[in-house]
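Build the full structure now, drawing on both the sequences and the hints.
In terms of our numbering, the sequence shown has 175 at position 175, counting the first letter as 1, and numbering is strictly consecutive.
Simulated from the structure, these hints should not be mistaken for lab results.
From a predicted model like this one, the values you see are computed outputs, not experimental measurements.
Where a beta carbon is used, it is the ideal one built from N, C-alpha and C, also for glycine.
Treat the hints with care, as some may be off.
Label-pair restraints from in silico Cβ distances [unchecked claim]:
1. Pro-115 / Ala-146: 35 to 45 Å
2. Ala-114 / Asp-233: 28 to 38 Å
3. Pro-215 / Ser-157: 33 to 43 Å
4. Ala-141 / Glu-21: 49 to 59 Å
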Amino acid sequence: MSDPQYLETPQGRRIAYHRTEGEGPGVVFLGGFMSDMEGTKALWLEDWARRAGRAFVRFDYSGHGQSGGAFTDHGIGDWAEDAAAALDALTEGPQVLVGSSMGGWLALLTARAAPERVAGLVTVAAAPDFTEDAMWAGFDADQRAALEREGVVHLPSDYGAPYPVTKRLIKDGRAHLVLRAPLHLPFPVRFLQGTADADVDRAVALRLLDHATGPDMRLTLVDGADHRFSDPDCLALIGESVEAVLARAGAAA
1 MSDPQYLETP
11 QGRRIAYHRT
21 EGEGPGVVFL
31 GGFMSDMEGT
41 KALWLEDWAR
51 RAGRAFVRFD
61 YSGHGQSGGA
71 FTDHGIGDWA
81 EDAAAALDAL
91 TEGPQVLVGS
101 SMGGWLALLT
111 ARAAPERVAG
121 LVTVAAAPDF
131 TEDAMWAGFD
141 ADQRAALERE
151 GVVHLPSDYG
161 APYPVTKRLI
171 KDGRAHLVLR
181 APLHLPFPVR
191 FLQGTADADV
201 DRAVALRLLD
211 HATGPDMRLT
221 LVDGADHRFS
231 DPDCLALIGE
241 SVEAVLARAG
251 AAA
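Below, the structure is given as C-alpha cells:
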C-alpha cells in the first residue's frame, strides 16, 4: 500500500488521497460511513481506471482512514465539504462520481451544489438522509434521551466496533437532507442496489428514483447482493455502470 498524499481543505482540514492520472472525464470515489479509501470497491475502481487510462481519485473524509481529525467531531456537512474540496483541487472538468452508501448521499449533495462539475453519477447502496430516516427514526425513547444527555450513542455494527452516533451528526444531517426538496440530476445516473442489503432497504433506492428528476436515470436491483456489493459480479456491474455513464455523457457532450 503506497503512502497517500494530503490536501488541506478550505476549512483547514487535512484529508488523505490517492490520485491516478488519466483521461477525463475522471472518476471520483466517495466511500461510506466509517469506511475508508482502502476498501474493495475503491481499489477495484482504481485498478479499472488504470487499465482504462482514466483519471481517478479516492480519498478519506475527515475523521476517516488516514485523514486528520476525530470521527466524532464531524458530520455530513463536513464530509460534503471534503468531497467538494477534493473535486475542486484534485480534478479538472466534469467528473463521474461513484458514491457508496453514505457516499451516495454525499455525491447527491455534491451534484446539487455543483452540477456543472458532474458528468455522471453511479451510486452503490446509496443511503441518502440515513441519519434521519434510519438512525433517528430507529431510536427508542431511551436512546434519544441518552443522545440528548450524553451527546452520543453507540449502535452495533456488522463491520467491527459499534458506530458512535453523535448529537452533532443527527443535527447536521437534518441540515443536508436531499429527499425533502427537489433534486434534479441533469446527467446520466445509475443507481445500484442489492436485494439482500441489511443496512439500506431497497425501498430507499425506489424512493430516490421516484424523488429525483433527470433525463437519464436507471435503477438496477441485484438479487441476493448485500450491502458490501463487492463480489466479482457486483464489482463488474459497477465498472459497467461507470462505462455506461461515461458513454452517455460523451454522447451528450
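Each hint, compared with the structure:
1. Pro-115 / Ala-146: 35 to 45 Å: Because 40 Å falls inside the window, the suggested range holds.
2. Ala-114 / Asp-233: 28 to 38 Å: 33 Å, holds
3. Pro-215 / Ser-157: 33 to 43 Å: 38 Å, holds
4. Ala-141 / Glu-21: 49 to 59 Å: Holds: the Cβ-Cβ distance is about 53 Å, inside 49 to 59 Å.
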